[in-house]
Every structure is written in C-alpha cells, then in structure tokens.
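Enquirer: From first to last, the protein sequence lines are chains A and B.
Following my numbering, the numbering of the first sequence begins with -8 at its first residue and continues without gaps.
Following my numbering, the numbering of the second sequence begins with 189 at its first residue and continues without gaps.
Any given hint could turn out to be false.
Here are some, though not all, of the chain B residues that point toward chain A, as calculated from beta-carbon distances under 8 Å [said to hold, decoys possible]: (1) Ala232; (2) Ser338; (3) Asp339; (4) Met340; (5) Lys342; (6) Met343; (7) Arg345; (8) Gly348; (9) Arg351; (10) Ser353; (11) Val358; (12) Pro361; (13) Glu432; (14) Leu435; (15) Trp438.
Rather than coming from a laboratory, the hints here were simulated on the basis of the structure.
Built from N, CA and C at the ideal position, the CB exists for glycine as well.
Here is what each chain is made of, one letter per residue.
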Amino acid sequence: MDSKRESNLKEKIIEVVNVSRRIGQGSGYVDVLANVDFYARRGEVVSVIGPSGCGKSTFLDILAGLERPDSGTVTVQGLHTENLLGSVGYMQQKDLLLPWRTVMNNVILGLEMQGISKKIARRQATERMDSFGLSGFEDEYPYALSGGMRQRAAFLRTILTDTSVLLLDEPFSALDALNRSHMQEWLLNLLESYDEKTVVLVTHDVEEALFLSDRIYVMSPRPGRIVVAEKIVWDLPRSRNLLSTQQFTETKSRILSYLLSSETVL
Amino acid sequence: MKKVLVPVMEWLPAIGIVVTILVGWEIFVRVWNIADWLLPAPSAIGYTLYDSWGLLAGHTLVTLEEVVLGFGLALVSGMLLASAITLSKTIEKALYPFVIASQTVPIIVIAPMLLVWIGYGLTPKIIVVALISFFPIVVNTVDGMRSVDSDMQKMMRTMGGNRWSIFLKVQLPVSMPYLFSGLRVAIAVSVIGAVIGEWVGSSEGLGYLMIRSKPQFQTERVFAAIAILSVMGIALFALIGLLERLLIPWWHREREGRPRIS
Ligand SMILES: Nc1ncnc2c1ncn2[C@@H]1O[C@H](COP(=O)(O)OP(=O)(O)OP(=O)(O)O)[C@@H](O)[C@H]1O
Ligand SMILES: [Mg+2]
C-alpha cells in the first residue's frame, strides 16, 4: 500500500512551466501572474497561499482551462489548456448554487451536464449526502442553508463530477472561525478517503494550508510569482493537537515570514 | 385567520381611497344636480352594470379574448426573440434596433393601417395588443438573460457546459423574475391596446361599446365599460403575480432571504 503510494507520488498530474498572464489590453493591462512554475503529484494536496489580489484565482482559472496563459505551458493529466474544460473539478470562491434548484438538483448539476440520467445522478448524490452533512436538506432551496452548508453543497457538486483533479478556491473564507475549523477537519477526513485525488487548495490562511496540505507554494503580491515551495511533513498525525506543537508554530512563522518578506519586495 | 387578514390589511388603504372617491363623487353629483349624460353618479353606473349586464358581459368577453390572445402572442414571440437576441450577436445587431424603433411609432397610427391591411375582426386587435405589450417583455427578458453572473458561466463551463446548456440551465431561469416584471407592464398596456384596436374599427368589445354609447349620451354605459376595464386590468395583473409565486417560488424566498436552518 505504502510503496504503491510512493511510486504514485512520482507522477506529476499537474505541471505548470513559466506561466505568465496579463489581463486587459493596451495601456489598461495588469500583470497578474509572472513566470509561475508549479506542479502537483497524484494524490497530493497542494496549497497556494498568497496575499489578496495576487492572482490565486486567476491561477486556478488557468488550471481549469477557463483562461489561457500568455506564455508558458500548462499540463493537467496530459491535457493542455485548450482541452482542459470539463475535465477538472473546480470549486470557486463563491458557492454559486443556483437559487432555483433544490440542494439535490444543485449537486447533480455536473452529472446532468455529463448526460447522466437524473435518476442515476440522484442515487449517486444520495449516497454522499450524509458525509457532506446535507441529508434531510435535499429538497431545501439554497437560500435556506447556512454558509457552511452551502459550501458543502457546492463541494459535493464538484466531487460528484468525479474528476481526479480538484481545484478549491478559498473554500472556507466566507465562514466564521468556528465553522471554518470544523470544515477544515471535515475536509481533511474527506481528502484522506479520496487519496487518489490531486487537490490544489488556494487560501490566504497559513494555518489552513499547513493543516491540510502536503506541500505549500507561497505567492508574492501581484504580479503573482512563486516565492517558495515547501514540503510539509509532520511528526504527528494531523488533528487539532498538531496546531499547538512547536513544529507547527515554527513552520507557521517561517511561512509567514516568506509571505511578509515577499510583501515588502514591492 | 391571520393569513386571511394580512392581504385584506394590505389592500385597506387602496380600498379606502376608492370608497372615499366614490362617496365624494356621489355627493358632488347629487348636490350639484349634474345631468347623467355629463357625469353619472357611481350609483347610476352601478345600476347600469346591473341592468345591462348581459350586454356588457358579451362585449367584455370579446375584449378579454383580444387581450389574452394578443398577450399570449407577445409572450411567445417576445421570449423567442429575447432568446435569439441573447444567443446570437448577429441577431442582436440586426433586430434589437427595430424592437426599440417599433415603440417609437404610435400604436394609434399603426392600428388604422392594420384595419386597411387585414380588415375588421379579431386578428388586427390581437396584433395591436401584441405590438404594444411585446416591448416590455423583450427588453426585460434580454436584460435578465444578460444579468448572469460571469462566475456562474465559468462554473458551467468547467462542468463541460456549452453556450446552449448555459442558456437553458442558467440564463433562462435567471431571466424569469425579469420576465415577470415585463409581464406586469405588458398586461396593463394590453388592455389599453385592445381598446385602441376597437376604437379604430370594430363591431364588438368594450372599446366599441364606449365609442357607440357616447354619441347616444349613454355616459353611464361608458363609465360602466371603464369600470370593467379597470377590474379586468387589476385582475389580470394579480393573476400574473399569482403565477409568479407559483412558477418561481425561489425568487420571493431568495429576496425575503432569511436562512431558516443552520
Ligand atoms: N478581468 C479583469 N480585469 C482587470 N483586472 C483583473 C481581472 N481579473 C483579475 N484582475 C486583477 O488581477 C488580480 C488578481 O486577481 P485574482 O482574482 O486572481 O486574485 P486573488 O489572489 O484570487 O485575490 P483574492 O484573494 O481577493 O481572491 C487582482 O488584482 C484583480 O484586480
Ligand atoms: Mg481569489
């Protein structure tokens, strides 16, 4: 089991080489990303952390095939930018639930788009409602849900499309601290049960990145560059206890110092 | 009990105003002894409504039919056109200016021409009603379809959505509340359209009855027709509101927006 995972780790599912992105034309442009190098191996959870407005969402848009880089190459599961749409699971910063659909009909949207019959889609969704804390709310409309539930519904919608790459854009930024730490633990458990999925998690919360990911990329303010990439290995299993260990606090302050030093560069 | 009382309470101010006006009007006519053909008292109008109900009802049905058919035509053609405008830039550029231009030609000019081209009967009235009510439907629906959040389009595209599926699954439902706003305006002008269509040339309908009653000094009959037209307009308006609540219940809940579950 372990050796299999080791060998899988060698395969780069996502590879980004020297990607730059400029938005807008003429004199009104902004350089959003500059010479970004990035990779993620199969089964890895990789965080991208950076200050607000540094281009994190744009980076995920590029990984999802929504935007083209101006230069550099993007490869995800052997596919390039032009062919990426529809093969990468992407959960955006906003939950984007459709207000006219019930929770059930929202979460099966992706399956519906894949041409899977509603009946089969509903069955697949029902199986997971419980682990997403949504059972009993299948027939509710999104307006009736709390922020955390809306996020989980959006997440379930992404998971059900069953892509092996998941892009998560600040999934918990809209939640209060208590809800957020619940959701982080919930996500950690969930990701452990999907150990074949490659996850790119964007956040500006250092603790969240440390708690959830195998590797961390730190980005500079706009134009976003990768300042440092660091592998995270903990002596303890991941749980709330980890957060109070010396190893955790030391790593956290080191990452923070990278973030802050990159900030003063500009 | 409360459920019944709340709408009644909501309507109370409007009812109060109507009653006040009617009472004032009645007193005015009686005290100054105004001739019936000049300004009939509400009681005289009421009596006409009761006395000539058979005649009025027949003409009411004709006008109602024109309104409903013309409105239906505007609804169907308006939604089709709005969809085409949304889906194709070329169609938008080719047709949208004409949609707007069509509203600058007064309906009172078009109506007699329709009479010349198509003749008497139901068809020209349906066309007048459709012409007058089609504009708010198209403009509102196009606005609604365009109001889709760009992140929502992104989400659909990452799930393999194309232009058509985005249209069907997002743009169309998003536009529904806008469509209903358009329909409210459209239904009100539809009634006006039907009356104009009848004034220009017809042999039946409330508009026709008004035109014919006036020279005969049957002013209370003109007012009776006006009363029926108002009630028709209000009833159709309310019906649209009811349909809205039934067909897009999420919209009101979304707006009232209080999370019930945490
Ligand atoms: N269409 C656009 N036109 C102009 N500027 C844009 C556009 N899209 C993004 N930008 C700019 O590019 C920068 C990066 O945007 P992006 O949304 O990727 O940042 P982010 O790191 O995700 O920010 P946040 O933490 O606030 O989510 C921002 O400064 C933004 O103003
Ligand atoms: Mg962002």
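Enquirer: Next, verify each hint and record whether it holds.
Expert: Tested hints:
no.: 1; hint: Ala232; in the structure: 51 Å, violated
no.: 2; hint: Ser338; in the structure: 10 Å, violated
no.: 3; hint: Asp339; in the structure: 6 Å, holds
no.: 4; hint: Met340; in the structure: 5 Å, holds
no.: 5; hint: Lys342; in the structure: 5 Å, holds
no.: 6; hint: Met343; in the structure: 5 Å, holds
no.: 7; hint: Arg345; in the structure: 6 Å, holds
no.: 8; hint: Gly348; in the structure: 3 Å, holds
no.: 9; hint: Arg351; in the structure: 13 Å, violated
no.: 10; hint: Ser353; in the structure: 6 Å, holds
no.: 11; hint: Val358; in the structure: 7 Å, holds
no.: 12; hint: Pro361; in the structure: 5 Å, holds
no.: 13; hint: Glu432; in the structure: 13 Å, violated
no.: 14; hint: Leu435; in the structure: 10 Å, violated
no.: 15; hint: Trp438; in the structure: 5 Å, holds
The structure shown violates the earlier hints numbered 1, 2, 9, 13, 14.
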